[in-house]
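There are 2 protein chains.
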Amino acid sequence: MARIVMKFGGTSVADIARIHNVARHVKREVDAGNEVAVVVSAMAGKTNELVGWARDMPKASGGSSPFFDAREYDAIVASGEQVSAGLLAIALQSIGVDARSWQGWQVPIQTDNAHGAARILEIDGSEMVRRMGTGQVAVVTGFQGLAPDNRIATLGRGGSDTSAVAMAAAVKADRCDIYTDVDGVYTTDPRVEPKARRLSRISFEEMLEMASLGAKVLQVRSVELAMVYKVRTFVRSSLEDPDAPGMGDFDNPPGTLICDEEEIVEQQVVTGIAYAKDEAQVSLRRLADRPGVSAGIFGPLAEANINVDMIVQNISEDGSRTDMTFTVPTGDLDKTLNVLDKVREQVGFDAIQSEAGMVKVSVIGIGMRSHAGVAATAFKALAEKGINIRAITTSEIKISILIDGAYAELAVRTLHSVYGLDKQ
Amino acid sequence: MARIVMKFGGTSVADIARIHNVARHVKREVDAGNEVAVVVSAMAGKTNELVGWARDMPKASGGSSPFFDAREYDAIVASGEQVSAGLLAIALQSIGVDARSWQGWQVPIQTDNAHGAARILEIDGSEMVRRMGTGQVAVVTGFQGLAPDNRIATLGRGGSDTSAVAMAAAVKADRCDIYTDVDGVYTTDPRVEPKARRLSRISFEEMLEMASLGAKVLQVRSVELAMVYKVRTFVRSSLEDPDAPGMGDFDNPPGTLICDEEEIVEQQVVTGIAYAKDEAQVSLRRLADRPGVSAGIFGPLAEANINVDMIVQNISEDGSRTDMTFTVPTGDLDKTLNVLDKVREQVGFDAIQSEAGMVKVSVIGIGMRSHAGVAATAFKALAEKGINIRAITTSEIKISILIDGAYAELAVRTLHSVYGLDKQ
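Sequence order for the protein chains is H and X.
Take any residue in the first sequence, note its place counting from 1, add 1334, and you have its number in my numbering.
Take any residue in the second sequence, note its place counting from 1, add 1334, and you have its number in my numbering.
Incorrect hints may appear among the rest.
No copy is singled out in the list; a pair is fine if it fits within one copy or between any two copies.
List time: in silico DSBU-like cross-link candidates among lysine-lysine, alpha-carbon distance up to 35 Å [what the hints assert, rightly or not]:
| # | residue 1 | residue 2 |
| --- | --- | --- |
| 1 | LYS1380 | LYS1393 |
| 2 | LYS1393 | LYS1361 |
| 3 | LYS1669 | LYS1393 |
| 4 | LYS1714 | LYS1611 |
| 5 | LYS1380 | LYS1361 |
| 6 | LYS1550 | LYS1529 |
| 7 | LYS1361 | LYS1564 |
| 8 | LYS1611 | LYS1669 |
| 9 | LYS1550 | LYS1380 |
By construction, these hints were calculated from the structure, which means they are not laboratory data.
Next up, chain H with everything else stripped away, as it sits in the complex (with noise of 0.2 Å):
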């Protein structure tokens, strides 16, 4: 008998038809034979109306301080996956399935104080793993945990991958499987590129590179979590009708398996094109090449809270001035300039040239390890597209190259291709 970790997004919970849908896949597993823990996040919109009327309060109060705390904004949001759960053990259990929720305080879910963007730090679901043991299935909620305070923590926007994954990795699951809207992970964005594939498998590492620059399929975190447990993480549709040929198929569901590498036979050069929209570019010119100028530019723009990205910075002429370039999100732009102007003195720079609206473009694979040329195959594309390339970074899996962002789309399209992703 295997154990299957199953996660519904709140599109896949959005209404009632939506919930008996999910409790027919779920059926479906426990008919199998399986074990099964049910990982759910909110109906979709109920998170977000939480969310504004905990924001909206301070301002009703005519405060001008837009301070809430954490803990109640935890307390307040956490009640949506609390419905989505009870919701689905009844639908469950009205189709003949034995189910019973579990509240992330119930399982417990232990998660450290950070109220709001909290991690979790044990699982113990020794209870929760018995009662699966007669057959009951674990409807748990996504999302949220208890902190050491005695009061509901989450996890932050999109941690009900998170908590999947973590219970598949408490529970020693064969299988997690995400359910979403999209029925796998491709190639490149199938809006951009309609010859976009989908991957039967990709890598925890190629998978974590497609996830931070912005395939938005499953959440950072919960790739992390996989890849260091080594989680066997299926993404697949929940749009799909449960019952269809194929879908019960426990080696080979229709889907995208995120696994080792060494699960991966048959290993592509180049897996994906991933890209990420609204860089915006900021270079310092003439910088003081000494110890410790990285940190008095990027101490302060972190505690700022300002995410920097790609950094690139040339070995100087002359050993005393150097120029730097680094990304930061277009939204951050103006507070990252507020930040260089105050600390230009003791840093010591020239100047300061910025322009938003620039793209990442990203080529990711684990092959590219052991193949030389794939960079040089990339610039001559673009450069043949009359694509200027701003800046490059690299790791041993993956190149990002910034661009202006109105080559966006022929930029992922040209790689797509010269890469070959889009032959079978």
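Using the hints, position chain X against chain H.
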């Protein structure tokens, strides 16, 4: 320093603006130097929405069974108070009042296992009281607690009044203020008799009769608890300006004090007139007059969850056959007749007569214990208006009269006047 429990119902916390108004009521009591716990209901309409989903879920699954798990129902429905408690805590913080929310399981408020209609067994308010001692307002979710199975249990509709009184007893509060959308308890329903007056005080026993007889100000169970634990309970309005003159008067706030009868110095013979509509009268003719007959009738009715109210049985003429009359809610009349048909043979009676659309009018007053002729006054007054009396039951402090529903308002006004309740 005094300790106060304040309770606000669903209409009082219906939206962000009203929750802010509630926060101002609380701040007034805090500023006066009191330790305060606040018990809140769900935002008006939310409980109905949640109940609706729980009820619709089994139907959506296409099953013929209307079954739903009361434990899941509780988990779903209890989320409503979780939201309003969190929002009120934020509202209080926004106007400079230290506050935190407490969910039933966090206090904990221990209940029995009767999910959906649980009873409070014990409240361990020690940590809550400790924090209240530091000036922190405790905002507590009404209507719910923690059952022995470590799951949320709700107290049944209207249960927040009970939560508040139980909390007041547990923390030894000096006062329990029930804020609602009326400004107190009246001598009768002001919509029926505009001359109805607000009572400044009413005894627990009288309020119990008023509550159970259809004056929907307070839940019956909460009055029982208040009586047992001698909780001084005020019924007052949440809609008034929190800072209007007299609102902060500790001993005589605007509203009605429900208290021990010894606290009521000038006792009236009659305190109020209550009525309950939609009663159906059922009469069994020539019923066998032997031991076990009543059990043979009311046992099966109780098993069918039919709430029998007035029961009148006359002494039989010849010692062998008698007539019996009782009332049930009009909505349960068909079910009642079905049950009676089944037991007819075994119990033994000649005929069943029934009539729907009756109303029960009741005269209530502790003073009638020491005054003769109170009942006679009622009968005479109704007779003068040509109102026919169908049945009469009495207790020490109450006379209930069943009449044709068409005369309901006339009877209420007539009795209200004949006992001088419309005079200051």
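Enumerate the violated hints, using their earlier numbering and listing them in ascending order. none
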